[in-house]
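> Chain by chain, the residues:
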Amino acid sequence: MRLLALLILLMLPGEVLAETIVASLSTSRVAITSNYTGASIVVFGAIERDSQTVARTGGYDIVVTVRGPRQSVMVRAKERFGLIWLNREQQRFFDIPLYIAVLSSRPVTEVTTDALRRRLKIGLEAIVYAPDFTVDRGGRDEPFRQALLRLRRQDRLYVENPRGVTFLTPTLFRAPVGLPATAPPGNYDVDIVLFADNVVLSRAQTHFELVKIGFEQQVAAAAREWSLVYGVAVGGIALFFGWLASVIFRRD
Amino acid sequence: MQVYLPIAEIPVSVLMILSMGAAVGFISGLFGIGGGFLMTPLLIFLGIPPAVAVGTQQAQIAASSTTGALAAWRRDAIDLKLCGFLLAGGFLGTLLGVFFFAAMRRAGQLELVIVVSYVTLFTVIGGLMLRESIREFWSKRRGVPRPVRRAGVHPAYLGLPLRMRFPRSKLYASVIPILGLALFVGFAGAVLGIGGGFIVVPALLYLFRVPPAVVIGTSQFQILWTTLAATVLHALVNDSVDVVLAIMLIIGGVFGAQFGARAGRNLRAELFRFLLAILVLSVGLRFAIELVVEPAEPFSLQILETRR
Chain V
1 MRLLALLILL MLPGEVLAET IVASLSTSRV AITSNYTGAS IVVFGAIERD SQTVARTGGY
61 DIVVTVRGPR QSVMVRAKER FGLIWLNREQ QRFFDIPLYI AVLSSRPVTE VTTDALRRRL
121 KIGLEAIVYA PDFTVDRGGR DEPFRQALLR LRRQDRLYVE NPRGVTFLTP TLFRAPVGLP
181 ATAPPGNYDV DIVLFADNVV LSRAQTHFEL VKIGFEQQVA AAAREWSLVY GVAVGGIALF
241 FGWLASVIFR RD
Chain B
1 MQVYLPIAEI PVSVLMILSM GAAVGFISGL FGIGGGFLMT PLLIFLGIPP AVAVGTQQAQ
61 IAASSTTGAL AAWRRDAIDL KLCGFLLAGG FLGTLLGVFF FAAMRRAGQL ELVIVVSYVT
121 LFTVIGGLML RESIREFWSK RRGVPRPVRR AGVHPAYLGL PLRMRFPRSK LYASVIPILG
181 LALFVGFAGA VLGIGGGFIV VPALLYLFRV PPAVVIGTSQ FQILWTTLAA TVLHALVNDS
241 VDVVLAIMLI IGGVFGAQFG ARAGRNLRAE LFRFLLAILV LSVGLRFAIE LVVEPAEPFS
301 LQILETRR
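Chains V and B supply the protein sequences, listed in that same order. The first sequence begins at 1 in this note's numbering and counts up one residue at a time. The second sequence begins at 1 in this note's numbering and counts up one residue at a time.
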């Protein structure tokens, strides 16, 4: 009996975990310099198979999810109140990624079942409508989730690209991630999931950081750590330029 | 050409910021007002976080008022004594305003307070100024000289106790209404994030009948000190002053202010008042429209600031 169980256990990984993904990024550190206007990072990956791997009839699907630094966001709704429009209801989203990109080789709805998609948070809708994304208020949170998704999509900070992952060979893929200039500095997590026939075969995680360097970093550090000196210095610059202009323009 | 702002954390077009600074600087130099009530919404419209917009434009106003104040200084158009009283009252008002600001934020109605105050303040002040200057035009056209200022006839509030002479402003008035004005301006400035020049200028012009040349110089001198203090405070408390943005705004602003000040000297006084009235009134109406018209997008999103 025990022997049988051991045999099954030994066979299981060979069956289920036959494929693994190996992934890498074109860079693990994106530098913000004074002429920074956004960046592009490429996720490269390979699906590794061994001799026992069964042939997949439906082919592979890859979903890459990039999540940016987290912060709390408040969404407010304006309503008519007498003559004027006021912010009435509001919904707080506690510690959510300010940037999300979902790239896949096919539309996420075709990659797997709805139930699995919701459970694994595959696709923007599944992420934003997840119960732990904000406080559930019995349906009243629904329009706020919708609004958050719409507004972030408008700013191109939540993006979904159903053709974002391309296969170079049947087992080799690449996925370019476009970071708009407004994407906040910080740590970005990249989650890569391999699907075949609606089920997850393998997952891989990696991450990169978006950081200010050089002058930008020094200014930010000075403003944070030496705020009094920094403030006085900015005031001094203002006085100096004001005086300089009056010298330049003094003709009368 | 794009440049990345280290504190605002977005790239902006250098040319755009320079010309915005020049445009607001021109208006600032022309009317002797700070121009914060124009610059702040413009910066926010460009996508700069509101806290950074408010903090940084204080530095720009400081620079353009330095130029303005120096020019006024050479023309001997600053009433230092009056300015001292304005600053003293303004300081107290700012403190009260900061407490009120915090209280309204706790009550969750800060945004409403701000928009409604903008609408009332700007439409009322702008409307009063417009009425005054239209009446002025009217009587001039009919050739009936208005009794502008006769010796010995003064509004009652100037005759309150503690009267004092302000020779530079040709004013002999009680310091109580002057301190009251400064208190109100400081309060409104702290709550609305504005310098308050557009309140001080018309008040000195209409309520205290100070000569226009002295009004502008005095108001710019006062704004200079207020905004310098505000720049340091914003940097200290909120880390929200972007030096790169500030320098670009300043360079645009000082040039604009210089030309504005020249244009202002050639402008007839009643036309000057009329234009200022139109400017203030239109800002008020813009906020009123925002309040009344159904928004295209009823939802708004705000990233909550966290201590870093």
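Keep in mind that a hint or two might mislead.
Chain B is faced by these chain V residues, among others (derived, beta-carbon under 8 Å) [unchecked claim]:
| id | residue |
| --- | --- |
| 1 | Glu19 |
| 2 | Gln52 |
| 3 | Leu120 |
| 4 | Leu124 |
| 5 | Phe133 |
| 6 | Thr134 |
| 7 | Val135 |
| 8 | Gly231 |
| 9 | Ala238 |
What the simulated footprint calls covered on chain V by chain B, stretch by stretch (three residues with Cβ under 8 Å from a Cβ of chain B suffice, anywhere in the stretch; the number is not a length) [claimed, not checked]:
| id | stretch |
| --- | --- |
| 10 | 181-194 |
| 11 | 241-247 |
A few chain V residues facing chain B, derived, Cβ under 10 Å [unchecked claim]:
| id | residue |
| --- | --- |
| 12 | Ile84 |
| 13 | Leu168 |
| 14 | Leu172 |
Read the hints as simulated data drawn from the structure, not as lab findings. Glycine included, each C-beta is placed from N, C-alpha and C at the ideal position.
> Hints first: check each against the structure and report whether it holds.
Here is how each hint holds up against the structure:
1. Interface restraint check for Glu19 (chain V): the shortest CB-CB distance to chain B comes to about 39 Å, outside 8 Å, so the restraint is violated.
2. Below 8 Å, beta-carbon pairs count as interface contacts, and Gln52 (chain V) has none with chain B, the closest being about 50 Å; its hint is therefore violated.
3. For Leu120 (chain V), the suggested interface contact is broken, since its CB lies about 26 Å from the closest CB of chain B, more than 8 Å.
4. The beta carbon of Leu124 (chain V) comes no nearer than 15 Å to any beta carbon in chain B, farther than 8 Å, and the hint placing it at the interface is violated.
5. Against a cut-off of 8 Å between C-beta atoms, the interface hint on Phe133 (chain V) is violated, since the closest Cβ of chain B lies about 14 Å away.
6. Evaluation of the Thr134 (chain V) hint against chain B yields a violated restraint, the C-beta minimum of about 13 Å exceeding 8 Å.
7. A distance limit of 8 Å between C-beta atoms decides the matter here; for Val135 (chain V) the minimum to chain B is near 15 Å, and the interface restraint is violated.
8. At about 3 Å, the closest approach between the beta carbon of Gly231 (chain V) and any beta carbon in chain B falls short of 8 Å, and the interface hint on this residue holds.
9. This hint holds: Ala238 (chain V) has a C-beta 4 Å from the nearest C-beta of chain B, less than the 8 Å allowed.
10. Using a Cβ-Cβ cut-off of 8 Å, 4 residues of the stretch 181-194 of chain V lie near chain B, which meets the minimum of three, so the contact claim holds.
11. Chain B is given as covering the stretch 241-247 of chain V, and this holds because 6 residues of the stretch bring a CB closer than 8 Å to a CB of that chain, at least three being needed.
12. Satisfaction of the interface hint for Ile84 (chain V) is found here, the shortest Cβ-Cβ separation to chain B being roughly 5 Å, below the 10 Å cut-off.
13. The beta carbon of Leu168 (chain V) comes no nearer than 33 Å to any beta carbon in chain B, farther than 10 Å, and the hint placing it at the interface is violated.
14. At its closest, the beta carbon of Leu172 (chain V) sits 34 Å from a beta carbon of chain B; the interface hint therefore is violated under the 10 Å criterion.
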